[in-house]
Amino acid sequence: MLLFVMVLFLGLASITAANVYVIALAGVHLRSMTDIAEYSQNVHIQKQTLLSKRGEILDRNGVIIAEDIDAYDVFAVLDNRFGESYVSDIEATASKLATFLHAPIDYIRTRLNLKGTYQTFFGIYGRQLTKEEHLALDALGLAGIQFKTTIARNYPLGAFAAHLVGFSQTSYPQADGNILVKGKMGLELALEKQLSGINGKRESTVDSDGYVLPGSKVTQVDAIDGKNVTLTLDQGIQEALDAAILTTRATFEAPKVWGSVMEIDTGKVLAWGQYPGFNPNQKDIADYLNLGFQYAFEPGSTMKTFVYAAAIDTGKYNGTQTFDSAPFRMGIKNGLPVRVDKTDQAVAIINNVNKKNWGIITYDTGYIFSSNVGIANLLTSTINPQTYRDYLDKFAFFKKVGSENLPESEGSINFKWPVEKLTAGYGQGLTVTMLQMLQAYSAVLSDGTMVKPYFVQKITDPKTDTIVYEAQTTVVGNPIQKETALKLQNLMYQVVNNPDGTGRFYKIPEVNSIAKTGTAQISAGGSYNTSNNLFSVIMGLPAEDPKILIYYVFEAHYAKTVHSTTAAIQQLMRKITLSYGFAKPGTNNSGTLNPSVFTTTIPLVTNHSVEYAIAKCGINSLNTLQIGTGAGVIAQYPLPNTQVLSNQRVFLLTSEDNILLPSMLGWSRRDVLAYFALTHIPVSLTGEGNVASQSVAAGTAIDASVTVKITLK
19 MLLFVMVLFL GLASITAANV YVIALAGVHL RSMTDIAEYS QNVHIQKQTL
69 LSKRGEILDR NGVIIAEDID AYDVFAVLDN RFGESYVSDI EATASKLATF
119 LHAPIDYIRT RLNLKGTYQT FFGIYGRQLT KEEHLALDAL GLAGIQFKTT
169 IARNYPLGAF AAHLVGFSQT SYPQADGNIL VKGKMGLELA LEKQLSGING
219 KRESTVDSDG YVLPGSKVTQ VDAIDGKNVT LTLDQGIQEA LDAAILTTRA
269 TFEAPKVWGS VMEIDTGKVL AWGQYPGFNP NQKDIADYLN LGFQYAFEPG
319 STMKTFVYAA AIDTGKYNGT QTFDSAPFRM GIKNGLPVRV DKTDQAVAII
369 NNVNKKNWGI ITYDTGYIFS SNVGIANLLT STINPQTYRD YLDKFAFFKK
419 VGSENLPESE GSINFKWPVE KLTAGYGQGL TVTMLQMLQA YSAVLSDGTM
469 VKPYFVQKIT DPKTDTIVYE AQTTVVGNPI QKETALKLQN LMYQVVNNPD
519 GTGRFYKIPE VNSIAKTGTA QISAGGSYNT SNNLFSVIMG LPAEDPKILI
569 YYVFEAHYAK TVHSTTAAIQ QLMRKITLSY GFAKPGTNNS GTLNPSVFTT
619 TIPLVTNHSV EYAIAKCGIN SLNTLQIGTG AGVIAQYPLP NTQVLSNQRV
669 FLLTSEDNIL LPSMLGWSRR DVLAYFALTH IPVSLTGEGN VASQSVAAGT
719 AIDASVTVKI TLK
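In the working numbering, the protein residues as written are 19 to 731.
Because the hints were derived from the structure by calculation, they are not lab data.
Just so it is clear, the structure is predicted and the values come from calculations on it, not from any experiment.
It is possible that part of the hints are untrue.
Said to hold, decoys possible - Quick list of in silico lysine-lysine cross-link-like pairs, DSSO-like style, CA-CA up to 30 Å: (1) K476 - K417; (2) K727 - K114; (3) K373 - K334; (4) K200 - K65; (5) K505 - K334; (6) K525 - K634; (7) K602 - K565; (8) K351 - K334; (9) K373 - K351; (10) K470 - K418; (11) K71 - K301; (12) K219 - K71; (13) K418 - K481; (14) K149 - K166; (15) K114 - K360; (16) K149 - K65; (17) K200 - K727; (18) K301 - K727; (19) K505 - K481; (20) K166 - K727; (21) K65 - K211; (22) K219 - K166; (23) K731 - K149; (24) K301 - K731; (25) K412 - K500; (26) K149 - K301; (27) K412 - K565; (28) K149 - K114; (29) K65 - K219; (30) K334 - K360; (31) K634 - K602; (32) K166 - K211; (33) K65 - K202; (34) K481 - K235; (35) K200 - K166; (36) K412 - K351; (37) K149 - K200; (38) K565 - K334; (39) K219 - K200; (40) K200 - K476.
Using the sequences and the hints given, assemble the complete structure.
Shown next as structure tokens:
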């Protein structure tokens, strides 16, 4: 029996060994006569990268500023080893593909002629195709041309605070084939850790058709999406600032324009813009410099406020005291500047702008008229220049603010020579940034409390909607007393409301405001530019209790300016007034009485019937536009509880199909962007102003496969 068992065991082992040997050598299974070689060639391990989603960037009301969208990389299959369609006619394929991809035909031909290669990509020419481009190329029916779905960063609002938001690009590492969208500039770069996700992976055994083999093991690690970042920016106020900047650029041929809007008590920056700007979708960047953070400039007369602050806060200021506003002849005594009577005793002469002379005036009047001579007198007869210099430190000038860890300039001051101790008082011989000015003036326009400007409101986990970070107001100091701040605000009120005040041009009927204007020479190569100047204004509104700060600067030829770019800033003031409900009773956005147009609040109509929504909006005379053919409202714009004028256009999205494009002639850029953001239909905008033409006729059915081209004028 033992011998029988041993012989049986040996026989079975021999048969098994023979079968394995035959399979190994001949590729044939003996019992079933299956061709194992043919079978194994059609089975392989498939490794997939599960793409993570980069976090969205949104404005404070949830409007998307930056998002990931599907994009497509083109590749060609060069042989039929897996029974697929492949490129058989290289010349014809190369010709059509080169034309479509705007690539050199020799390059495409070379890629298609690679021997022993199963598939090939086309470098930068074949990357990041849009959905529309993908469909158009696929429609050519080129054999062997396939697409790999990837991701691209999209900026639905276009050139919206672009130097602040920055941009991201899709990264193509070579080692593991992973694809990530990575920040390259602005907040996209500064918040890379929070925004970036972690790609997942999936490994499985599949047949030639890509189907997972039954019973085979599938290993998967899920992708982790990046966090969503909500900014303090407000779309409406940002677009109003952008419109003002473009108007200033066009009116004065200004090579540089920049500005910002900030909540005084909190430090939340509501708008941040500049010219030259760029569209992050097109990467048409002429200058990477963020003017508000990185450009240190001589601000001019807006610095006079801090001389007055030092004099008032130290108890040495008497606003009714008079001085002679004639040219200030500066001499030197004990190393300090003094006023002298005779020209031959003077080492420098300080004039008011345009050499104006108002005779004997008070120091209060000197501020209202923005007298350089008044500053020189204060720094030689009322306070010591070093006192002013110490207050500049209290206001945190010449050091980084540190908002969101974005790169910034510290600025500088020349304060060695006697004349520099006076010129610094009216903003020449020192440099500051817009960010520093926002921070310093937050103390002037409040109760003396200085707050840090910030841009990130909160960061949330998109999967759970949990807030992982929420910003808080940061108090960075109290450089002046409350009484000092109130006296400065009273002076700034006169700058606007005095018939001869330098800020009188900014006065609008809707709201009382306070301001300080500035005109500065531009330093260039060790001397001052004789053709252009910097013009600026810093404002607080409403005057009774300032809540919003506006700072606006532009460079232009002095002869082409009428004090400043008032009309553009007035429209920005009106938008802020409307958004925050500052408007005086009985005025509309043109400053005239108009009982048919009034300020109202957008009601919540989402998840209600269309009939209810139209009736609810109709109560407040709102102009509704239904999008789609659904019975209920699934999204709306503007968002609920938004303050608008009663003639505001309100969009009611009822379905994402059966959408007919309306006539957009005369629409504003804001309304166009709102419409396409709601419908998720791609749009291409060119120009500025209101809609002059649209590429798709009104009444045409549209969906995400069509990009509508809108021209603004």
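Here is what the structure says about each hint:
A C-alpha spacing of about 26 Å is found between K476 and K417, which places the hinted pair at or below 30 Å, so the restraint holds. Between K727 and K114 the alpha-carbon distance is near 25 Å, which keeps this suggested pair within the 30 Å criterion. Between K373 and K334 the CA atoms are separated by roughly 28 Å; this keeps the pair inside 30 Å, and the hint holds. Taken as a hint, the K200 and K65 pair is honoured in the structure, with Cα atoms around 23 Å apart against an allowance of 30 Å.
About 13 Å separates the Cα atoms of K505 and K334, which keeps this hinted pair within 30 Å; it holds. Under the criterion of a C-alpha separation no larger than 30 Å, the hint pairing K525 with K634 is inconsistent with the structure, at around 36 Å. Note on K602 and K565: the hinted pairing holds, with a Cα-Cα distance of about 15 Å set against a maximum of 30 Å. Between K351 and K334 the alpha-carbon distance is near 21 Å, which keeps this suggested pair within the 30 Å criterion.
Using a Cα cut-off of 30 Å, the hinted pair K373 and K351 holds, with the two alpha carbons roughly 25 Å apart. Using a Cα cut-off of 30 Å, the hinted pair K470 and K418 holds, with the two alpha carbons roughly 11 Å apart. Of the supplied pair hints, the one linking K71 and K301 holds, its CA atoms being roughly 21 Å apart against a limit of 30 Å. Using a Cα cut-off of 30 Å, the hinted pair K219 and K71 holds, with the two alpha carbons roughly 14 Å apart.
In summary, the hint linking K418 to K481 is not supported, as the alpha carbons are separated by about 36 Å, beyond the 30 Å threshold. Only pairs whose Cα atoms come within 30 Å are accepted, and K149 paired with K166 is accepted, the gap being roughly 12 Å. Proposed proximity of K114 and K360 is contradicted: the alpha carbons are some 84 Å apart, above 30 Å. Using a Cα cut-off of 30 Å, the hinted pair K149 and K65 holds, with the two alpha carbons roughly 25 Å apart.
For the suggested pair K200 and K727, the alpha carbons sit about 28 Å apart, so the restraint of at most 30 Å is met. Annotation: proposed proximity of K301 to K727 holds, straight-line Cα distance about 19 Å (limit 30 Å). For the hint pairing K505 with K481, the CA-to-CA distance comes to about 51 Å; that exceeds 30 Å, so the pair is violated. As the CA atoms of K166 and K727 are separated by approximately 27 Å, the hinted pair is consistent with the 30 Å bound.
Taking the CA atoms of K65 and K211, the gap is near 26 Å; set against the 30 Å cutoff, the hint holds. The straight-line distance between the Cα atoms of K219 and K166 is roughly 16 Å, inside the 30 Å bound, and the hint therefore holds. For the suggested pair K731 and K149, the alpha carbons sit about 28 Å apart, so the restraint of at most 30 Å is met. With a CA separation close to 23 Å, the supplied pair K301 and K731 stays within the 30 Å bound.
Restraint check for K412 and K500: the C-alpha separation of about 15 Å stays at or below 30 Å, so the hint holds. Of the pairs offered as hints, the one joining K149 and K301 holds, with about 19 Å between alpha carbons and a cut-off of 30 Å not exceeded. Of the pairs offered as hints, the one joining K412 and K565 holds, with about 22 Å between alpha carbons and a cut-off of 30 Å not exceeded. A distance of roughly 19 Å separates the Cα atoms of K149 and K114; the hinted pair therefore holds under the 30 Å criterion.
Pair hint K65 plus K219 holds up; C-alpha atoms about 7 Å apart against a cutoff of 30 Å. For the suggested pair K334 and K360, the alpha carbons sit about 28 Å apart, so the restraint of at most 30 Å is met. Between the alpha carbons of K634 and K602 the distance comes to roughly 26 Å, so the proposed pair stays at or under 30 Å and holds. In summary, the hint linking K166 to K211 is supported, as the alpha carbons are separated by about 27 Å, within the 30 Å threshold.
With a C-alpha separation of about 29 Å, the suggested pairing of K65 with K202 holds against the 30 Å cut-off. In summary, the hint linking K481 to K235 is supported, as the alpha carbons are separated by about 28 Å, within the 30 Å threshold. At most 30 Å may separate the alpha-carbon atoms for a hinted pair to count; K200 and K166 meet this at roughly 19 Å. At roughly 28 Å between alpha-carbon atoms, K412 and K351 fall within 30 Å of each other, so this suggested pair holds.
Between K149 and K200 the alpha-carbon distance is near 21 Å, which keeps this suggested pair within the 30 Å criterion. Proposed proximity of K565 and K334 is supported: the alpha carbons are some 29 Å apart, at most 30 Å. A C-alpha spacing of about 19 Å is found between K219 and K200, which places the hinted pair at or below 30 Å, so the restraint holds. Restraint check for K200 and K476: satisfied, since their Cα atoms lie roughly 20 Å apart, inside the 30 Å limit.
Violated hints, listed in ascending order, are 6, 13, 15, 19; each of the other numbered hints is respected by the structure.
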